[in-house]
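Going down the list, the sequences are from chains U and P. With the first letter of the first sequence counted as 1, position 35 gets the number 35 in my numbering; the numbers rise by one all the way through. With the first letter of the second sequence counted as 1, position 103 gets the number 103 in my numbering; the numbers rise by one all the way through.
Hints are computed from structural coordinates only; laboratory data are not their basis. Treat the hints with care, since some could be wrong.
Pairs involving identical chains hold if they fit within one copy or between any two copies, as the list cannot separate such chains.
Stated by the list, open to error - Heads up, simulated DSSO-like pairs for lysine-lysine below, C-alpha to C-alpha not over 27 Å straight-line: (1) K20 / K103; (2) K103 / K160; (3) K144 / K103; (4) K20 / K144; (5) K144 / K98; (6) K20 / K160; (7) K98 / K160; (8) K23 / K160; (9) K160 / K144; (10) K98 / K129; (11) K160 / K129; (12) K144 / K129.
Now for the letters of each chain:
There are 2 protein chains.
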Amino acid sequence: MSATDEFLTANARYAESFDKGDKPMPPARQVAVVACMDARIETGRLLGLEEGDAHVIRNAGGVVTDDVIRSLAISQRLLGTREIVLIHHTDCGMLTFKDDAVKADIEADTGLRPPFALEAFADPAEDVKQSMRRIANSPFVPHKDAIRGFVYHVENGQLKEVHP
Amino acid sequence: MSATDEFLTANARYAESFDKGDKPMPPARQVAVVACMDARIETGRLLGLEEGDAHVIRNAGGVVTDDVIRSLAISQRLLGTREIVLIHHTDCGMLTFKDDAVKADIEADTGLRPPFALEAFADPAEDVKQSMRRIANSPFVPHKDAIRGFVYHVENGQLKEVHP
């Protein structure tokens with residue numbers, strides 16, 4: 001049985017007792033979370049999110065890319081969020097490689113060098129600050145007065161705040 | 001109290017009983033999920049995910065953008081995932097606007113027209129197929145033989161498969 005089939009079995013159980021079908025589209029707590037895709041980060045549990053509470057944007061690293069700016073622009077302009085929470089974490093995959101080396105590997109395998117940055121970084125807290133500066137520098141995110149950044153510790157479950 | 005401060009209170013409770021500090025970096029179930037950022041989508045609960053199980057990539061719409069390709073390339077090449085699960089959903093914010101209108105609004109407010117697509121779409125199932133085709137067309141995602149797409153129904157909690 002594939003993981004996807006296991007997901008469908010779990011979803012059937014979830015839907016059986018589902019009682020949240022009347023939640024509105026705009027996030028109740030008016031916040032957008034930007035976090036790494038890492039499998040150990042279970043955003044709902046570690047932040048205490050209920051269905052309907054917050055937008056959750058995730059990618060490799062939790063870095064603020066143009067696609068995150070797109071998502072934040074839609075989140076704030078069209079769906080009313082006002083706070084942003086950035087979450088990087090310890091033991092991140094992005095700490096284990098350098099862009100140039102992976103680009104060279106990809107080029108060796110495919111013949112094509114990727115036309116995008118891989119976004120590897122050397123320190124999660126420093127990269128949270130980089131992400132904060134990218135938002136500060138973007139004209140497309142209208143509300144910037146409630147942005148906070150954290151490093152999540154996969155070894156003990158704790159969020160630690162990064163002060164810019 | 002801000003939503004962010006409430007998250008920190010919830011996180012302190014989560015960390016108190018945390019017993020998952022020894023999970024490895026590669027996802028145990030070797031799958032990457034690509035889902036919309038919508039607040040009503042609680043990926044962990046609706047798929048039955050435990051900490052360590054799966055990469056979770058999310059943006060506005062759950063659309064496959066270049067940043068999702070970047071994340072999938074890292075997920076598969078460096079962290080061993082082999083399945084991809086795409087999740088769009090009913091009552092999505094991306095159904096409520098057109099790119100041109102939002103771009104014009106942003107230009108009116110900021111003086112700048114965004115140099116990226118907003119990625120609005122008219123039908124979630126059709127856009128799941130679009131996302132499948134974008135992955136099929138990308139040279140940077142090496143493993144493409146286990147890609148499945150779904151529309152999540154926010155009104156009843158059910159995933160319904162999209163057959164390409």
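Against the structure, the hints come out as follows:
1. Within a single copy, K20 and K103 get their C-alpha atoms no closer than 44 Å, and across copies no closer than 33 Å, so neither meets the 27 Å cut-off.
2. In the homo-oligomer, the alpha carbons of K103 and K160 never lie at most 27 Å apart, since the shortest distance is 32 Å inside one protomer and 37 Å across protomers.
3. Proximity of K144 and K103 under a CA criterion of 27 Å is satisfied inter-copy only: 20 Å between copies versus 33 Å inside one chain copy.
4. Taking identical chains as interchangeable, the C-alpha atoms of K20 and K144 are never at most 27 Å apart, the minima being 31 Å within one chain and 34 Å between chains.
5. In this assembly of identical chains, K144 and K98 lie within 27 Å of each other by CA distance solely across copies; the values are 25 Å between and 31 Å within a copy.
6. With identical chains, the CA atoms of K20 and K160 are at most 27 Å apart between copies only, with a shortest distance of 17 Å across copies and 31 Å within one.
7. Taking CA atoms no more than 27 Å apart as the test, K98 paired with K160 passes inside one copy only; the shortest distance there is 25 Å, against 39 Å between copies.
8. In this assembly of identical chains, K23 and K160 lie within 27 Å of each other by CA distance solely across copies; the values are 19 Å between and 31 Å within a copy.
9. Within a single copy, K160 and K144 get their C-alpha atoms as close as 21 Å, which meets the 27 Å cut-off; across copies the closest is 37 Å, which misses it.
10. Proximity of K98 and K129 under a CA criterion of 27 Å is satisfied intra-copy only: 19 Å inside one chain copy versus 33 Å between copies.
11. In the homo-oligomer, the alpha carbons of K160 and K129 lie at most 27 Å apart inside one protomer (13 Å), although the nearest pairing across protomers, at 39 Å, exceeds that limit.
12. Proximity of K144 to K129 under the C-alpha cut-off of 27 Å is restricted to the intra-copy arrangement: shortest distance 14 Å within a copy versus 35 Å between copies.
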